[in-house]
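Protein chains in written order, with the numbering used here: chain R, 1 to 477; chain Z, 1001 to 1398.
Heads up, some of the hints might be wrong.
Unchecked claim - No farther apart than 27 Å at their CA atoms in a straight line, the calculated lysine-lysine pairs in the DSS-like style are these: (1) R/K474 / Z/K1244; (2) R/K284 / Z/K1328; (3) R/K273 / Z/K1232; (4) Z/K1069 / R/K298; (5) R/K378 / Z/K1263; (6) Z/K1228 / R/K393; (7) R/K445 / Z/K1069; (8) Z/K1241 / R/K448; (9) Z/K1328 / R/K272; (10) Z/K1093 / R/K272; (11) R/K284 / Z/K1263; (12) Z/K1244 / R/K301; (13) R/K298 / Z/K1328; (14) Z/K1241 / R/K284; (15) Z/K1259 / R/K301; (16) Z/K1244 / R/K298; (17) Z/K1153 / R/K75; (18) Z/K1093 / R/K378; (19) Z/K1259 / R/K128; (20) R/K31 / Z/K1223; (21) Z/K1153 / R/K474; (22) R/K378 / Z/K1069; (23) Z/K1069 / R/K393; (24) Z/K1069 / R/K301; (25) Z/K1232 / R/K292; (26) Z/K1244 / R/K273; (27) R/K474 / Z/K1056; (28) Z/K1259 / R/K445; (29) R/K128 / Z/K1263; (30) Z/K1070 / R/K378; (31) R/K301 / Z/K1002; (32) R/K298 / Z/K1153; (33) Z/K1086 / R/K445; (34) R/K301 / Z/K1328; (35) Z/K1153 / R/K301; (36) Z/K1086 / R/K393; (37) Z/K1153 / R/K445; (38) R/K284 / Z/K1228; (39) R/K298 / Z/K1333; (40) Z/K1002 / R/K291.
Treat the hints as calculated values from the structure; they're not laboratory data.
As a plain string of letters, each chain reads:
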Amino acid sequence: MKIAVIGGGIVGTLIARLLSFYEADVTLIEKENDVGWGVTKANSGIIHAGYDDEPGTLRASLVVPGNEAYTQLQKDLDFPFMRVGSHVLAFNESDLKTLEELYKRGEKNGIKGMKILDREEVLSMIPKVNPDVKASLYAPSAGIVIPWRVALSASDNFVMNGGKLALGERVVDIEVSGGRVRKVITDKNEYEADVVINASGLFADEIAKMAGAESVPIHPRKGEYILLDTQEYTNYVLFPTPSHGSKGMLVVPTLSENTLIGPNAVDLPPDKKGDVSTTESGLKEVHEGAKKLIPSIKLNKVLRTFAGLRPESPQRDFFIKESEKVWGFINVAAIRSPGLTAAPAIAEYVVEELLQQRLKINLQKKREYIKSIKSIQKVSRLSIEDWAELVRKDERYGNIICVCNRVTEGEIVEAVKRGARTLDSVKFRTGAMCGPCQAARCAMKIAKIISREAGIPIEEILLNADGSNIAVGKVRP
Amino acid sequence: MKRVEVVVVGAGAAGMAAAKGAAENGAHVLLLDNENWVGGILQQCIHNGFGVHRYKEELTGPEFAERLKKEIPSDVEVMTGSFVHKIFPEEKKLIVISRRGIEEIHYESMVFATGAREKTFQSLLIPGTRPVGIYTAGQAQRMINIDGYLPGKRALVLGSGDVGLIMARRMHLEGMEVIGVVERLPYPGGLRRNVKQCLEDFDIPLYLSHTVVRVEGFPRLEKVIVAKVDGKFSPIPGTEKELKVDTLVVSVGLVPVKKLLAKFVDVESGILVSNSGQTSVDSIFAAGNVTTIFDLVDYVANEGEKAGKNAALYAKGKFEGKRIPVKKGEGVKVLHPKWYDPSDPLSVYLRVSRPMERAVVRIGKYEIEAEDLTPAEMVHVEIEPPCEDEIVVSVTEV
């Protein structure tokens, strides 16, 4: 059984990982130079409790199991994740009514531990909250995660089990004959495939069309964010009460001890799937929105701004379905919010329900496979004794390269060993380059380590995409 | 575990001078730096203009560093490639990480001289894409002067601080096309001599009252959109200009690197010290750009040397610091030091809040006439005032 998974985001990598436990020849194809660089890279990083989703939808049925699955997934894949809890804040009577609805919906969706808190309780939990707050819907099962780390760990696990990872390859065609998928053709290779899983995020409609399969139209919805170098505002994820189906602008503590504010929501035409530029009005809107929750939020400690795109579709629900026109083609499309939360449940649904039940593919578990892996050790979080022991074994763990976030040469070398070839690949694996100096002090040092370890000349080292060479040549060639 | 009398954190100009000052006053000194060399940022400043005050001659950065290094007595222990991970002021110890292992250093007094880092483009909230090709001036400087690589072919510089001006010339001399320097203030941010020697001598245009409003291009920078700004630095609609460049070098100010110590001592934008270099914690001294951003390395070295001397005296129980408040009056944007300790002359450094042709600088009861003041150039006055309750420093245009 040959399976091609198109798209190395969180959904594609988790599906590929799960498939790598079975006797199958699986290839994961990603157009970027690393996994997790699309929708996965730029979102709020929240594992939602699951009260936003209308009972009866596929989303609602996958979001709560997805949330629960993160506990085990973190043990298996060793990524940063913490159930910090979330509050939906209500400021008026109409908000209060919505809170009640959300609470009821949450109960129907099977969420445990939710509470509606009164003003005093909210103020004591979030001292800097807008004092106009009337109540909150508190959900202790909501969490924060570093989404790309999930994708990276899943992909590493997939490769350990013999999965083939094709990075930097753009799918240009899918060959179909006799009503079945046969081949996936990329700009660099061809892959025979009995099953094609379309987890290509923003591009899922285009990929489906290549196979002549059913598709739903996808357009990007841009969300801009501002990342602040402080965690003084809140220890919980804060939402305004949702209106018109949008979750609104949030204030989120991150696992790198920062605070993320945003996103706004701007619908872009389908031909703007690469437009992740920020705008003056958008950044202003983000700040104003965040101030409604925490009025004291200032922009004096900005680390950076960014924007992400969410794959939106008119039907609003996830479109996860085997094709009725082309046997073996499976759409895992329109994975809008809360796709990150649902992703582990989506992966199980695709492998168990769609592949095994509906397509009747008899997948045999491998006699031996790896299910849990260790991610790169963050040595600055170790005890002094353990760190000292590590330096005794390998002196490179005593050489600090990123001084902002205290990342050592040892960690960067390990990232290169695990396949990092670009600066961003090292950044997303190790947390280097994301501190207050934004890589001004360490980018070149990291480039030299990649160059030495992987045998690539400095001029050929990329920041991320092809063409992003960090240097154009030697000073005196 | 290691015991020393004075530990100096950071071996740039301030730290090297502090090690010298401390050792010459009889202390057992340990000098630490995270880089594999001493000299700090001086080593990448290969242009000249350093040392005019301290050595009465014009030196390059590496020459200045070499000169200072030779002044350090040979019994000073130097540990490079050594990163200070944690400080425990109560126990007077710090944890140092290096390839050799993790060491606990116990000290009697410390001189904190970690310098400054550059403000980043990312922190400015300028909208647009996030391409390769945007560098801080110091980053581009290190890339070209130490690593030997060119960041691009056609560059614009944002910010006319000294590093920005120096880099405009540097990139021009290395064959890059430098199409201009953009400054949001109506006057240059760097020293006048640098405007002349780095821009005017090479016909590089300086766009005052202009800023960058947007960047475009991915994965490489393609365009920078600049606009004129009004008195509040807001871009004036209709004045936007598109500049095609693949490199944007940003020199928009320096930020003291104080995080390691910030929760233990009094800080404002930098670590607050007296004119003796003492912080709000008796055993901790600080000097150089971690206290305030100086315009000349000569001042940094002189302040470092003084802090080192006093740290040595403190370690031997011979220093009793006083802290008479030195307060900002009108016309003063930046003032250093925070306190006056009569055991040393009062060296006042200030930046005026706006350019002034003729002015009177008042330090307590002292009055000094001054001409041609700009915020870019520090005013330095050394006096020995009597002990008072407080000393107010002001600058009045006349």
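Evaluated hints:
| no. | hint | result |
| --- | --- | --- |
| 1 | R/K474 / Z/K1244 | 22 Å, holds |
| 2 | R/K284 / Z/K1328 | 34 Å, violated |
| 3 | R/K273 / Z/K1232 | 36 Å, violated |
| 4 | Z/K1069 / R/K298 | 43 Å, violated |
| 5 | R/K378 / Z/K1263 | 24 Å, holds |
| 6 | Z/K1228 / R/K393 | 57 Å, violated |
| 7 | R/K445 / Z/K1069 | 25 Å, holds |
| 8 | Z/K1241 / R/K448 | 37 Å, violated |
| 9 | Z/K1328 / R/K272 | 52 Å, violated |
| 10 | Z/K1093 / R/K272 | 56 Å, violated |
| 11 | R/K284 / Z/K1263 | 31 Å, violated |
| 12 | Z/K1244 / R/K301 | 30 Å, violated |
| 13 | R/K298 / Z/K1328 | 25 Å, holds |
| 14 | Z/K1241 / R/K284 | 23 Å, holds |
| 15 | Z/K1259 / R/K301 | 13 Å, holds |
| 16 | Z/K1244 / R/K298 | 33 Å, violated |
| 17 | Z/K1153 / R/K75 | 48 Å, violated |
| 18 | Z/K1093 / R/K378 | 24 Å, holds |
| 19 | Z/K1259 / R/K128 | 23 Å, holds |
| 20 | R/K31 / Z/K1223 | 26 Å, holds |
| 21 | Z/K1153 / R/K474 | 12 Å, holds |
| 22 | R/K378 / Z/K1069 | 36 Å, violated |
| 23 | Z/K1069 / R/K393 | 34 Å, violated |
| 24 | Z/K1069 / R/K301 | 36 Å, violated |
| 25 | Z/K1232 / R/K292 | 26 Å, holds |
| 26 | Z/K1244 / R/K273 | 24 Å, holds |
| 27 | R/K474 / Z/K1056 | 36 Å, violated |
| 28 | Z/K1259 / R/K445 | 22 Å, holds |
| 29 | R/K128 / Z/K1263 | 21 Å, holds |
| 30 | Z/K1070 / R/K378 | 39 Å, violated |
| 31 | R/K301 / Z/K1002 | 37 Å, violated |
| 32 | R/K298 / Z/K1153 | 37 Å, violated |
| 33 | Z/K1086 / R/K445 | 23 Å, holds |
| 34 | R/K301 / Z/K1328 | 25 Å, holds |
| 35 | Z/K1153 / R/K301 | 32 Å, violated |
| 36 | Z/K1086 / R/K393 | 22 Å, holds |
| 37 | Z/K1153 / R/K445 | 22 Å, holds |
| 38 | R/K284 / Z/K1228 | 20 Å, holds |
| 39 | R/K298 / Z/K1333 | 22 Å, holds |
| 40 | Z/K1002 / R/K291 | 49 Å, violated |
When each numbered hint is compared with the structure, violations occur for hints 2, 3, 4, 6, 8, 9, 10, 11, 12, 16, 17, 22, 23, 24, 27, 30, 31, 32, 35 and 40.
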